[in-house]
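Novice: Residue-level listing of the chains:
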Amino acid sequence: MDIRLYMAQRLSAIIMIPLVFGHLGVMIYAIQGGLSASEILSRTQGSVFWFLFYGLFVIAVSVHGAIGLRTILSEFLRLNDLALDAIMWGFGLVSIFMGARAVSAVTWL
Amino acid sequence: MANTKDTMTVKVWRGDKHGGSYHEFAVPRQDNQTVLDVVSWVQQNRDPNLSYRFACRVGMCGSCAMMVNGTPRWTCRTHVNKVLDANTLVVAPLRNLPPIKDLVADMDPFFDKWIEAGGHHDPSASRYDAMPQIAPDDTKREVANESIECINCAVCYAACDTVAHNENYLGPAALQRAWTLYNDEKVNDTDAVLAAVSGKGGCHNCHSQGSCSLYCPNELNPMRAIAGLKSATIKHQLKRGR
Amino acid sequence: MIKGHRNHPLWYAYALHRVSGLTLVLFLPLHFYVLSLALTQPQRLDGFLHWTEIPAVKFAEMGLVFLLSVHLLGGIRLLVLELLPWSPRQKTWAALAAGGALFVSGTFLLNAV
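Protein chains in written order, with the numbering used here: chain A, 1 to 109; chain B, 110 to 351; chain C, 352 to 464.
Hints may be right or wrong, so weigh each one.
Here are the simulated DSS-like pairs of lysine-lysine, each with C-alpha atoms no more than 27 angstroms apart in a straight line [unchecked claim]:
{"id": "1", "chain 1": "B", "residue 1": "191", "chain 2": "C", "residue 2": "354"}
{"id": "2", "chain 1": "B", "residue 1": "210", "chain 2": "C", "residue 2": "354"}
{"id": "3", "chain 1": "C", "residue 1": "354", "chain 2": "C", "residue 2": "442"}
{"id": "4", "chain 1": "B", "residue 1": "249", "chain 2": "B", "residue 2": "348"}
{"id": "5", "chain 1": "B", "residue 1": "249", "chain 2": "B", "residue 2": "344"}
{"id": "6", "chain 1": "C", "residue 1": "442", "chain 2": "B", "residue 2": "249"}
{"id": "7", "chain 1": "C", "residue 1": "442", "chain 2": "B", "residue 2": "191"}
{"id": "8", "chain 1": "C", "residue 1": "354", "chain 2": "B", "residue 2": "126"}
{"id": "9", "chain 1": "B", "residue 1": "295", "chain 2": "B", "residue 2": "348"}
{"id": "10", "chain 1": "C", "residue 1": "354", "chain 2": "B", "residue 2": "120"}
A few chain B positions that, by computed beta-carbon distances, are all more than 10 angstroms from chain A [as the list claims (entries may be wrong)]:
{"id": "11", "residue": "159"}
{"id": "12", "residue": "193"}
{"id": "13", "residue": "251"}
Residues of chain C clear of chain A, computed beta-carbon distances all greater than 10 angstroms [stated by the list, open to error]:
{"id": "14", "residue": "353"}
{"id": "15", "residue": "359"}
{"id": "16", "residue": "435"}
{"id": "17", "residue": "444"}
{"id": "18", "residue": "446"}
{"id": "19", "residue": "453"}
{"id": "20", "residue": "463"}
No lab work stands behind these hints, which were simulated from the structure alone. Yeah, the Cβ is synthetic: ideal placement off N, Cα and C, and Gly gets one too.
Let's have the full structure, built from the sequences with the hints guiding it.
Specialist: This is the structure we're talking about:
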């Protein structure tokens with residue numbers, strides 16, 4: 001883990017502090033009375049706020065998770081830097097893509 | 110092996126860098142007995158081929174460091190009755206270092222990383238310059254003083270799982286030394302100190318497990334020193350970026 | 352618990368932080384996939400959400416909430432350790448992180464049942 005990866009991971013972590021607190025709050029609120037697609041979508045559909053909130057969350061968590069995954073793999077598997085970077089970028093980009101789909105799915109913007 | 114309360118079972122690792130195994134001995138118990146006493150007894154009374162290190166035997170030099178029941182310790186300062194587990198002692202060479210023979214670990218990688226982290230003095234002045242006046246209660250001096258009493262015993266290095274899993278990682282002792290240099294007024298180029306600990310094996314690999322600070326026999330705090338280095342490297346990087 | 356040099360609170364904090372991070376990062380693609388069903392197959396999303404009424408699933412959800420909370424709170428402890436002046440009470444902060452996570456996930460569970 002060099003200083004650039006380290007800074008990206010810590011920065012994405014700091015960005016996510018309020019986002020995770022918000023997400024935990026949403027989860028505790030939303031779980032009451034059970035979950036349903038219509039209940040979730042009635043909150044998020046067409047909402048610029050949730051689009052930005054979860055859009056930022058998707059980018060930050062994809063960066064943070066990809067680097068974290070790379071660190072764990074580097075310590076437990078015998079992989080060279082090229083392989084580790086490939087897995088990190090692959091996971092990160094797939095995560096951003098899937099997350100973007102999820103965010104647009106629920107905010108429909 | 111008969112286990113009366115007068116003897117205990119002692120398993121001692123025998124081998125070299127190619128591999129080895131534990132040999133078992135029944136060792137008489139004494140009222141006041143250190144693990145070093147036990148190892149010495151085995152070598153003197155049971156197996157003269159056993160290789161092990163010690164020097165001062167009074168807890169000053171750090172030469173006798175070994176793994177005792179899975180924990181790195183100075184064996185001369187470890188009382189048997191404090192660590193005996195089911196009347197058994199398991200003694201092995203320090204973890205994370207290649208064994209030379211039996212309980213003797215090869216300290217070369219440890220010292221190589223000490224140098225790599227910048228563990229040598231690069232002075233900011235010559236003998237012809239005035240000596241910098243550093244007050245003992247100067248803040249940075251006090252911070253450095255908390256970490257300078259490292260005697261390179263490698264207990265922290267053996268305790269660290271990040272050292273175990275990352276062969277590039279410089280380790281707690283080397284990084285703590287870099288921290289003392291960073292806080293030393295007499296050091297010429299603190300940017301170079303930070304650069305030395307920002308590479309592939311640098312301070313940013315530390316996961317703050319805290320085993321280093323917990324097991325340091327001199328009660329030093331490498332975890333804190335490494336956290337300080339992380340903070341210093343970030344601040345330096347952000348200033349440079351501007 | 353675990354014998355040897357790992358048997359101390361800050362090592363367990365590290366292990367919990369790593370396990371929680373790994374579990375969450377592996378859960379993430381599944382989470383994104385299920386939500387994206389709202390776009391293409393809303394009926395399937397409702398079908399999936401139906402599963403959340405099963406008690407075992409609610410406990411699993413609580414588990415995920417615990418892992419997210421403990422990773423967040425433990426992560427804050429690490430950011431403070433690395434960016435702000437040293438605090439000697441690391442074990443206390445680690446305990447508070449675990450306790451806080453139990454509180455949040457317990458609140459979640461009580462609202463889920």
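Novice: A separate judgement is required for each hint: does it hold in the structure or not?
Specialist: To see whether the hints hold, each was checked on the structure:
no., hint, verdict
1, B/191 x C/354, "holds, 15 angstroms"
2, B/210 x C/354, "holds, 25 angstroms"
3, C/354 x C/442, "holds, 19 angstroms"
4, B/249 x B/348, "holds, 20 angstroms"
5, B/249 x B/344, "holds, 17 angstroms"
6, C/442 x B/249, "holds, 26 angstroms"
7, C/442 x B/191, "holds, 23 angstroms"
8, C/354 x B/126, "holds, 24 angstroms"
9, B/295 x B/348, "holds, 23 angstroms"
10, C/354 x B/120, "holds, 16 angstroms"
11, 159, "holds, 34 angstroms"
12, 193, "holds, 33 angstroms"
13, 251, "holds, 27 angstroms"
14, 353, "holds, 17 angstroms"
15, 359, "holds, 20 angstroms"
16, 435, "holds, 12 angstroms"
17, 444, "holds, 15 angstroms"
18, 446, "holds, 20 angstroms"
19, 453, "holds, 13 angstroms"
20, 463, "violated, 5 angstroms"
The structure fails hint 20 only (numbered hints given earlier).
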